[in-house]
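**Student:** Line order of the protein sequences matches chains X and A.
Each residue of the first sequence is one higher than the last, beginning at 1 in my numbering.
Each residue of the second sequence is one higher than the last, beginning at 325 in my numbering.
Because the hints were derived from the structure by calculation, they are not lab data.
Facing chain X, according to a computed beta carbon distance under 8 Å, are these residues of chain A, among others:
id	residue
1	Leu327
2	Tyr333
3	Thr338
4	Ala352
5	Val366
6	Pro368
7	Ala369
8	Leu370
9	His376
10	Met455
11	Met456
12	Phe458
13	Trp529
Glycine residues also receive a C-beta, built at the ideal position from the N, C-alpha and C atoms.
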Amino acid sequence: MSVRVLRPGLLTTLQDHGRHGYQRVGLCPGGAMDQVSLALANALVGNALDEAALEITVIGPELLFEEDTLVAVCGAEFQTRFPHNRPVLAPKGTRFNVGRAARGARAYIAVAGGFAVEPVLGSRSTYLPGHFGGVEGRALKHGDMLPLRDPEASQRFKSLKKTRDGTVKWSAPPFTLPDREPILVHVIEGQHYASFDSNSQRAFFDTVWRVAPDSNRMGFRLSGPPLGRPQADELLSGPTCLGSVQVPPSGVPIALMADHQTTGGYPRIAEIASADVARLAQLAPGGKVHFAKCSLEMATELRRDARERLQSALRGIAWEYQRK
Amino acid sequence: MPLGDSAAYIEFCTTLDLEVNSVVQRLALLILKRNVPWIRDVVPALGGVALHFDPDNAEFPPQPLEAALEIVNGSLKQALEAKDDAGREVELPVCYEPEFALDLKEVAKKANLDPADVTKLHEAGEYRVLMMGFAPGHAYMGGLHAKLAVPRRASPRAIVPAGSVAIANEQTVVYPYAISGGWNVIGRTPKILFDATRSRPSLLWPGDRVRFRAITRDEFVDLEKNR
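Next up, chain A with everything else stripped away, as it sits in the complex (with noise of 0.2 Å):
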């Protein structure tokens, strides 16, 4: 379907579905490697892939959605039949402590647990980067345990301070900024996840796999020292 005129938005789902994100991520990869000179940005999203356009590029096809559906058709079935990962794996480290857990007793009372097994819960978790938006660096990451499925705060927050790890739904996600958000934090990485200024800017890509490993008070005040 067209995303206005300069961009076309192919769907594949409009619930969230994990097989179908791989999918996803493998198909903007094999995209993005085709290096189409009329396409700006390919961006995996949740249930399907957006492709951006250049109208102005000397290459612009007269007709760009039925082109760019071609595009897709042409990757998707390799897409389809790899069954390797599209991402890297990164481990972030993440103090649950009560100073920067700010939302983590509420989270242990709706989910009917004890703090520990929450945090226990989270970190123990295996999960996918499922799509980047909000703001750059700015993760949705998929595989959070169904037991910490909370939903949203009632109010968000106006400020949530950068590096902030937070669950909603069956997510999770790290505020690369301070910004304001409703997500429910529970802990923060001292990491930087977003570097206008380094090569690769941002430390999480879309269908990365990522850890999360505790760490202590101390550890933190460390590693944000030398990063």
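Extracted from the complex, chain X is given alone in its bound form (with noise of 0.2 Å):
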């Protein structure tokens, strides 16, 4: 009743909505860094949307499924011939091999009925910084044996109209993957944005800049012209949230992603547009972003569309579970 690791790939966690309410002590909720593709991969399968899932990160896992398991792959397309985005059901000694990201950087693995986990203060996220969360609080490794919470949901399976080779016809949108690069990522102006001299604000929006390689599920370092300001004043730390992006003195800046402290004393020159973190979660080091401006009234206009376009899609999968 388990999957089995047979491989781990590069950094495989398991990962939900995240634990929230405990910023006030310095823990942030965490979570799948690309929260729409967690919502399709777990609603392809029949589970609520906040289940956790297997996040497999530029180079995927090879799993062992040792009992027929309903399961979906959601997020950056793999070189697997194993189907992306429906609901596919592994019969009983499936190895699957996922391979490498051919397009996108972190995919997520969902299983009917989720993995049996104990969560941890109201999520099994893995905090790999903390050590908790998820399998022991680290990424997953050769051997590991995830449980399945309930063996008999991947029986949902038999409530979709298939075709003969154990998958379905139709498949969900892959919302969150970059077409083409740079991607285009809106943001506000940020708190200290106005303390940065005029050549770094134009910079900022100007670059075409990089995802660093020593970039993480904390937070991804910038590449590109070093950003200044005039009066390089200590500034009293203050709070932090998801897709803030501050400017140390070095320069460089970085965009803070779903495990990043939650509070900072550097400047944040732009605030990420919430609709758009889940495609920058996308991007792998090496992959080029370019910033565009936008007011508050749009970036929460874009974050409506984006729900709408979210729960459209999950209206649909939900149809295909009842149609029969």
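Hints given; two lone chains; assemble the complex.
**Tutor:** Have a look at this one:
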């Protein structure tokens, strides 16, 4: 009644919607870097949208399904014959070698019923810096056994109209995958935007930034021209949030991602529109991004649009489960 | 002001003021008690309070910034009038022996004091958790004696041992994990600052009043064994 890890891949962790309510003691919410793909993967196997799934990064794992298991892979496109963005019944004994990412950086592997892992502070997300959550607070390794919480849940597959090769004719749209790079990410001005010199302000929006190799789940370092402030006074540390772009004295901007620090003393030049965070999360090191300024109203509008698109895809998936 | 499109930061001052911070602490607790369903996190910071929204909540208002400001204004009067302290009292045992006090000599030199006077002044202080951040369970505490206000180390340590008690500027901190950091380490506590499996995961919370109690090396070893 398990999924066995034959090879762990580059960085494979359990992630869900994150643990909220502890930022006041310095614990970030964490959770899936691409929440849109997590929700879609869960919906495709009939789970609650915030169920924990495997977040796989750039080089995927090789898994062995020890029972018939209903699975969905969403997010980045990996070089595997396993179909993406649709529910697939992996028969007992299936070896699933995910391979390398061809487009995007992160994908989510959801199983029907979820994994039997105890939540910590209300979430099954792995928080690597704190060594807790998920599987012993760490990335998966060779030989791990991930028990299924409800093996019967894979029977849901029976309620779908299927093709002969054990999947369905339709698929969910890949909302967060970059069509081309640089990707365009909307930002509103950060609290300290005005304190940067005009060259830096211009450079921030004119530059095609590259995600630096030392980027991770805590933050993406962006290589490009260094940004500066004429009066480099020390700021009183203040709160940060997912998508804050802060600029330490080195001048190299850092976009704060899922496992970010909850407070910081560096000036924040911009705040990424929440609708665009999941797409940024799909950039691997070397990936290109450029920023477009928008108003708070527009960022709010983008968030509503993105939510509407996701809701309509989710309704479509739910309908497939009910129509037979 | 907006903190992205899913959070707001209400700032009262841009320099450190302990009076303002104690109002911020009371305000944050009052807002938490209101249990607003679309507010997921209430974070008291040094000079203001941040509210993090849940935009998918059914009650999320169309104008969240205005709604957030209204919530703050609704509690501000009460926070200003109250005289009671927001936090609890916590005593932290600290061993200031040289093997743990990695930067004590440096601090003493910079402050023009005897190492023993540095630890005495540190132990005598009454501290207040002004803000938590940097790592889970990591508290920035105000109330450090002005004589001990030395700058951070020129180059940060790659690894500061867990439990290290450190000072810089006018604050003191305790490192909950072995992480990199640039504060001057003058001792170590055997206490576990953050444990996600505890029902109260963090030992310190915003607004708590903290005292340090000097312990010997033997007491440190005992406490570490029995924790």
